[in-house]
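The listed protein sequences correspond, in order, to chains A and B. Sequential numbering from 1 applies to the first sequence in this note's numbering. Sequential numbering from 242 applies to the second sequence in this note's numbering.
Wrong hints could be hidden among the right ones.
Estimated spans, in silico, between C-beta atoms of each pair [unchecked claim]:
{"id": "1", "chain 1": "B", "residue 1": "Ser-496", "chain 2": "A", "residue 2": "Arg-230", "range": "49 to 59 Å"}
{"id": "2", "chain 1": "A", "residue 1": "Glu-159", "chain 2": "B", "residue 2": "Val-252", "range": "30 to 40 Å"}
{"id": "3", "chain 1": "A", "residue 1": "Arg-101", "chain 2": "B", "residue 2": "Glu-358", "range": "48 to 58 Å"}
{"id": "4", "chain 1": "B", "residue 1": "Leu-332", "chain 2": "A", "residue 2": "Ala-241", "range": "22 to 32 Å"}
{"id": "5", "chain 1": "B", "residue 1": "Val-252", "chain 2": "A", "residue 2": "Gly-118", "range": "45 to 55 Å"}
{"id": "6", "chain 1": "B", "residue 1": "Leu-362", "chain 2": "A", "residue 2": "Ala-156", "range": "49 to 59 Å"}
{"id": "7", "chain 1": "A", "residue 1": "Ala-156", "chain 2": "B", "residue 2": "Val-337", "range": "38 to 48 Å"}
{"id": "8", "chain 1": "B", "residue 1": "Arg-326", "chain 2": "A", "residue 2": "Gly-40", "range": "25 to 35 Å"}
{"id": "9", "chain 1": "B", "residue 1": "Pro-412", "chain 2": "A", "residue 2": "Ile-160", "range": "31 to 41 Å"}
{"id": "10", "chain 1": "B", "residue 1": "Leu-332", "chain 2": "A", "residue 2": "Glu-175", "range": "51 to 61 Å"}
{"id": "11", "chain 1": "B", "residue 1": "Pro-412", "chain 2": "A", "residue 2": "Gly-118", "range": "38 to 48 Å"}
Hints are computed from structural coordinates only; laboratory data are not their basis. Backbone N, C-alpha and C define an ideal beta-carbon position, used for all residues, glycine too.
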Amino acid sequence: MSLLSLSRVAKRFANGTQALRDLSFTVAPGEFVSLLGPSGCGKSTALRLAAGLLMPDAGAVTFPLGKPEIGFVFQEPTLMPWADALTNARLPLDLKHMPRREANARAAAVLARVGLAGFERALPRELSGGMKMRVSLARALVAEPKLLLLDEPFAALDEITRNRLGDDLLQLWREDGLTVLFVTHSVGESSYLSQRVLVMTPRPGRIAAEIPLAQSRDDRLSPVTVEAQRGISAALNQATA
Amino acid sequence: MRRVYDIALPVLLAALVLGIWEWAIFHWQVPHYVLPSPSAIGRAFCENFSSLMESLASTLAVTLQAFAAACLLGVATAIGFSQSRLLERTLYPYAVILQVTPVVAIAPLILIWVGFERINLALVIIATLVAFFPILAGATLGLKSADFNLLDLARLHGASRAQILWRIRLPTALPYLLSGMKTAGGLALIGAVVAEFVAGSGTATGLAWRIVESGNRLEIATLFAALALLAATGVLIFAALSLLEWALLRRWHESAISQAA
Chain A
1 MSLLSLSRVA
11 KRFANGTQAL
21 RDLSFTVAPG
31 EFVSLLGPSG
41 CGKSTALRLA
51 AGLLMPDAGA
61 VTFPLGKPEI
71 GFVFQEPTLM
81 PWADALTNAR
91 LPLDLKHMPR
101 REANARAAAV
111 LARVGLAGFE
121 RALPRELSGG
131 MKMRVSLARA
141 LVAEPKLLLL
151 DEPFAALDEI
161 TRNRLGDDLL
171 QLWREDGLTV
181 LFVTHSVGES
191 SYLSQRVLVM
201 TPRPGRIAAE
211 IPLAQSRDDR
221 LSPVTVEAQR
231 GISAALNQAT
241 A
Chain B
242 MRRVYDIALP
252 VLLAALVLGI
262 WEWAIFHWQV
272 PHYVLPSPSA
282 IGRAFCENFS
292 SLMESLASTL
302 AVTLQAFAAA
312 CLLGVATAIG
322 FSQSRLLERT
332 LYPYAVILQV
342 TPVVAIAPLI
352 LIWVGFERIN
362 LALVIIATLV
372 AFFPILAGAT
382 LGLKSADFNL
392 LDLARLHGAS
402 RAQILWRIRL
412 PTALPYLLSG
422 MKTAGGLALI
432 GAVVAEFVAG
442 SGTATGLAWR
452 IVESGNRLEI
462 ATLFAALALL
472 AATGVLIFAA
482 LSLLEWALLR
492 RWHESAISQA
502 A
């Protein structure tokens with residue numbers, strides 16, 4: 001059974017734009033799935049629907065195994081500028097009224113896992129773009145989610161930082177048995193990170209192609225990864241033609 | 242080095258202007274009931290020191306009470322607006338009407354309604370009306386300025402309206418609120434003075450009354466002393482609120498950081 005299922009979902013915005021039509025896909029527990037498409041194809045909208053931040057006009061968003069704890073990472077770090085890294089990472093726990101001592105311990109542990117040990121007291125403005133993104137990732141992980149939704153989280157970062165964060169995300173996914181739905185417009189990123197790539201059409205978005213990928217992609221330039229990129233690019237070209 | 246100039250240049254200008262003023266009074270033999278010399282004003286200030294301080298205390302008490310009331314009312318109303326669009330749409334036009342109606346025009350009415358036996362309350366109400374709007378406007382804008390994604394994230398994690406207000410909206414609103422408070426501090430003083438003027442000399446005891454009384458008696462030097470005291474009080478209120486702003490924002494808000502750099 002799938003963890004997340006979107007079936008024939010449609011969404012129109014208040015300004016009349018039809019963002020999604022007949023969008024259907026599923027994500028299995030423990031899977032790493034990329035949602036790939038051109039800018040403005042409704043990828044982010046699909047992710048917000050999955051998170052329950054938007055309601056579909058038609059169709060259904062369901063969780064056949066029960067509603068999981070969800071972590072969400074935006075394209076921008078979206079931190080509270082007045083609060084330090086620990087307080088930012090702790091936010092989901094604070095909202096659940098977890099005792100401060102326990103929440104602090106868990107937030108510190110998750111900050112250490114994303115490589116920010118020693119930066120607990122740093123304010124967002126004192127951190128680099130990549131480090132801010134790590135705080136954002138820590139905040140998404142702190143409540144131990146089953147489903148991690150990421151909306152082009154590394155798009156604003158330089159390539160070196162982006163690759164490093166991608167590797168760290170893969171490692172967290174392997175260690176925690178997370179389920180990841182990763183929205184991106186980068187063929188390279190989707191080919192390297194995910195087990196399955198869902199290629200979307202331009203607006204109104206729906207799934208144009210589904211590309212399963214080989215499991216063992218140990219680096220970004222291995223022949224398997226490059227071959228996968230060729231296939232994804234072809235599907236993307238066809239979808240946007 | 243820049244800090245030294247920031248203080249030294251205005252002080253130098255003041256010394257220059259006062260020097261020329263003093264010299265001009267002496268040179269042209271200007272009568273003291275038209276324009277007293279700075280030294281005469283200084284003398285009047287020292288001679289009337291204790292009564293001037295009493296008047297200042299009276300005006301300052303009205304100002305501070307009005308400022309506190311304006312802060313409480315303004316923030317409470319802004320929170321109400323942020324929780325209910327309906328409330329905002331219904332009340333905001335009246336807040337604007339209140340703001341654009343000259344307070345001098347409604348002050349007599351308030352004095353009559355509250356009664357001259359409770360003159361202090363009337364003065365505080367009038368000054369509060371003057372200081373209220375910038376607080377409301379600042380806090381309303383600030384509460385609306387919260388990052389939409391951050392609000393979505395909080396909702397995703399099951400935040401209640403109260404949690405969103407306390408953890409996200411209010412901290413976001415703080416810089417806007419403080420900016421409104423800086424304007425409101427000066428306005429509360431202006432409101433207190435205007436209210437005293439309208440109340441007249443019979444009952445009020447503040448600095449405005451001293452100015453009216455000195456004017457009537459042609460004690461222009463005392464008038465100037467009261468005026469200078471009033472200006473200094475205004476500057477002090479502004480400085481105190483700027484300091485508060487700096488203390489609260491210096492670690493994270495762009496406005497305070499660039500000042501410190």
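For each hint, the structure was consulted:
1. B:Ser-496 x A:Arg-230: 49 to 59 Å: For Ser-496 (chain B) and Arg-230 (chain A) the Cβ distance comes to about 51 Å; the hint holds.
2. A:Glu-159 x B:Val-252: 30 to 40 Å: 55 Å, violated
3. A:Arg-101 x B:Glu-358: 48 to 58 Å: Cβ of Arg-101 (chain A) to Cβ of Glu-358 (chain B): about 56 Å, so the range 48 to 58 Å holds.
4. B:Leu-332 x A:Ala-241: 22 to 32 Å: Because 55 Å falls outside the window, the suggested range is violated.
5. B:Val-252 x A:Gly-118: 45 to 55 Å: 47 Å, holds
6. B:Leu-362 x A:Ala-156: 49 to 59 Å: 56 Å, holds
7. A:Ala-156 x B:Val-337: 38 to 48 Å: Since the Cβ atoms of Ala-156 (chain A) and Val-337 (chain B) sit about 40 Å apart, the hinted range of 38 to 48 Å holds.
8. B:Arg-326 x A:Gly-40: 25 to 35 Å: Cβ of Arg-326 (chain B) to Cβ of Gly-40 (chain A): about 29 Å, so the range 25 to 35 Å holds.
9. B:Pro-412 x A:Ile-160: 31 to 41 Å: 33 Å, holds
10. B:Leu-332 x A:Glu-175: 51 to 61 Å: 54 Å, holds
11. B:Pro-412 x A:Gly-118: 38 to 48 Å: Cβ of Pro-412 (chain B) to Cβ of Gly-118 (chain A): about 25 Å, so the range 38 to 48 Å is violated.
Against the hints set out earlier in the document, violations occur for numbers 2, 4, 11.
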